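Chains X and L, in that order, give the protein sequences.
So for the first sequence, the working numbering puts the first residue at 1; every next one is plus one.
So for the second sequence, the working numbering puts the first residue at 418; every next one is plus one.
Among the hints, erroneous ones may be present.
[To be verified] Computed from the model, here is a short list of chain L residues facing chain X with C-beta under 10 Å:
1. Thr476
2. Glu500
3. Pro502
4. Gly570
5. Val571
6. Gly639
[Claimed, not checked] Quick partial rundown of chain L residues pointing at chain X, CB under 7 Å, derived from the structure:
7. Asn467
8. Met524
9. Gln526
10. Arg527
11. Thr536
12. Cys538
13. Pro539
14. His541
15. Phe545
16. Arg659
FYI, nobody ran anything at the bench for these hints, they're computed from the structure.
Note that the structure is predicted; figures quoted are calculated from it, not measured.
No residue lacks a Cβ here, since even glycine has one placed at the ideal position from N, Cα and C.
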Amino acid sequence: MADMAWVPTTMLDRKFVPRGVTRCTPARFSLWLTPWCLLLGLGLWAAYLCLRDGLLHTNMDNRFAFGLWIFLDLAIIAFGGGAFFSGVLLYFFKLKELNAVIRSAVLIGFLCYSGAVTVLAIDVGQPLRAWFTFWHPNAHSMLTEVTFCITLYLCVLAVEYLPVLLRNRQFRKIPSFLVFEWELHKLIPVLAGIGAFLSFFHQGSLGGLYGVLRGRPFAFRESFGIWPTTFFLFVLSAMAVGPSFLLIMTRVAEWVTRKRLVLESVYVRLARVSGWMLTFYVLLKSIDTMVWLNSTSRRGGFLPWEYYSWEPFGVWILFVEIGLFGFVPALWLMRAGKVNTSWLIAPALLACAGVALNRYVLTVQTLSLATLPFDEFLSYTPSWQEVAVFGGVVAYGVIVYSVLYRYTRLFPQEQER
Amino acid sequence: MSATQKTSRTPRRYGMVIDLDRCTGCGACVIACAAENNVAPGAARENDRNSISLLRVFTLNNPTAAGRRTAFLPMMCMQCEHETPCVTVCPQQAVELDVLSGIVEQMPQRCLGCRYCMTACPYHARSFNWGDPSWPAGMEATLNPAVAPRMRGVVEKCDFCQSRLHAAQDAAAVNGSLDPGIYTPACVEACPTQAITFGDWNDPEGALAKSGETFAWLEGLGTQPKVRYRSGQNWLHEMAERGGAAPAKEERHG
Chain X
1 MADMAWVPTT
11 MLDRKFVPRG
21 VTRCTPARFS
31 LWLTPWCLLL
41 GLGLWAAYLC
51 LRDGLLHTNM
61 DNRFAFGLWI
71 FLDLAIIAFG
81 GGAFFSGVLL
91 YFFKLKELNA
101 VIRSAVLIGF
111 LCYSGAVTVL
121 AIDVGQPLRA
131 WFTFWHPNAH
141 SMLTEVTFCI
151 TLYLCVLAVE
161 YLPVLLRNRQ
171 FRKIPSFLVF
181 EWELHKLIPV
191 LAGIGAFLSF
201 FHQGSLGGLY
211 GVLRGRPFAF
221 RESFGIWPTT
231 FFLFVLSAMA
241 VGPSFLLIMT
251 RVAEWVTRKR
261 LVLESVYVRL
271 ARVSGWMLTF
281 YVLLKSIDTM
291 VWLNSTSRRG
301 GFLPWEYYSW
311 EPFGVWILFV
321 EIGLFGFVPA
331 LWLMRAGKVN
341 TSWLIAPALL
351 ACAGVALNRY
361 VLTVQTLSLA
371 TLPFDEFLSY
381 TPSWQEVAVF
391 GGVVAYGVIV
401 YSVLYRYTRL
411 FPQEQER
Chain L
418 MSATQKTSRT
428 PRRYGMVIDL
438 DRCTGCGACV
448 IACAAENNVA
458 PGAARENDRN
468 SISLLRVFTL
478 NNPTAAGRRT
488 AFLPMMCMQC
498 EHETPCVTVC
508 PQQAVELDVL
518 SGIVEQMPQR
528 CLGCRYCMTA
538 CPYHARSFNW
548 GDPSWPAGME
558 ATLNPAVAPR
568 MRGVVEKCDF
578 CQSRLHAAQD
588 AAAVNGSLDP
598 GIYTPACVEA
608 CPTQAITFGD
618 WNDPEGALAK
628 SGETFAWLEG
638 LGTQPKVRYR
648 SGQNWLHEMA
658 ERGGAAPAKE
668 ERHG
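If we strip away everything but chain X, and leave its shape as in the complex, we get (with noise of 0.2 Å):
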């Protein structure tokens, strides 16, 4: 991936290499992607044996019965987020300077959706049924909505970033593909319109999946209509994290390749956005978390402190997600373009982590509490082909994302430093 001067090793790489741009040589490109090809063959390992020999290759169990996959699932499709308000905000509110990041945010979202739908597929105990939910599907539940959104978000993802691939100079000598190519393009803001829309849903089923939980009130939640309030809050943290994630995912690839990948002003906006955004939502995280405490809790007859007399659990984890990992990075991102830029992705990450923390407290904390007064805390620590198969899934995303950025022009602004 490192910029070097180009050289010409293979006329096969050089051929689909773009135009104008410059790549490493295939040899320091194979040296880049060794390591990761190694990890995504453990993680692969890892995922037979569960598929072999079933899930007691995990250390979850029968009160832990989600465990580090669902909570890094939450995490990452919060962070792909950023492909559908992105979108959004390019193809409806005009925000053009996105046009230098939107082909890395929709490559970054499919990644991001199909890593996480290759690990559920694997957590689940019988992958072979999951068309049951399209057969029998129960309209009650979120993880219909989240399975029928998901699915549909992935094939448009995947449809919005084909013109990109179409592109490439040897695909665009076949007369046919150029035509496919730019009739689809045509089709690119209804796609992001439809994105957009399942997006909005399972970003939010996802967090209806516990606010919806009355048997766990530690994650029940107060409703609007069917759905509870997590569902609005998962919607807008994935809308506040997107830019966030896309603003990290940029800059490290400048970093790697050592190029100036898009304008500085680029990272601003996508700061701005996202710093707004976070404003919005730790604000009414914060209102939803004092009516959660005072009210819903009480009513099921938990006292809400008590959830936080279990160590490492205690009530410093809140205060970390909604002070440190909330207000000081929606503050510090809306300062963007009066502090230094190159300092942004420090914000940046301080909001990913919060998203995640939010992802874990409700995943693990939940699972943790006992509901039953004799019951036990309970913990939990993965396996290794827990952490393999995900660690295979990060590296299949690195893999990916690296082939396709040699390939294909995924910034459109890319200049030689």
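Using the hints provided, position chain L relative to the given structure of chain X.
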């Protein structure tokens, strides 16, 4: 069963009342449940957190009472009546509340194994088959032919011995009736002290109606469990009234 048949008899609301003052914690109900429902013997890798247990007996101690008091608490699926937490969350309708019996039914053949129902259950009454169930050589002969063993990757739970309900329905049909009446689940049959009473909450003259004052665990959640308890010991009533968030002082043994 057709829609006509569904409306042709009064629905039942099967439930239980468990007398905690009678329960000796002998575990006969647990063994009877496992044998009736073809629960595979625990493998070496299994423990009380990842094994199949459709019915558990907890030991509750009250160290604050004058003279240490102990009670044994048999606990299975509570067959929640209102907004049944597991039914509403299942994405593919593998769990349903049968309107004719009031039993929360689990269909392993349709279960995806997502475990969302386990997350939703406040009583932790559901078990997941983390691996393939297996029986030692020769032990297959002890399997109950009326109950299908469950495969790896699906959730299971107490369903008030559906096989016995079906047998009661068959027996009733022979006599030209659609009403299976009151049958006897395996745990009820096995209990040596008759601590478990099984019956129909819809029957004002039935055994459940005559059980006197009863209470349920986590009643504040509003799920209206159909398995209820009775006891003359106040500390058990007080314990049942509070949620589980507070650090429990009592010991618990699965």
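So which of the earlier hints does this model not fit?
-> 8, 9
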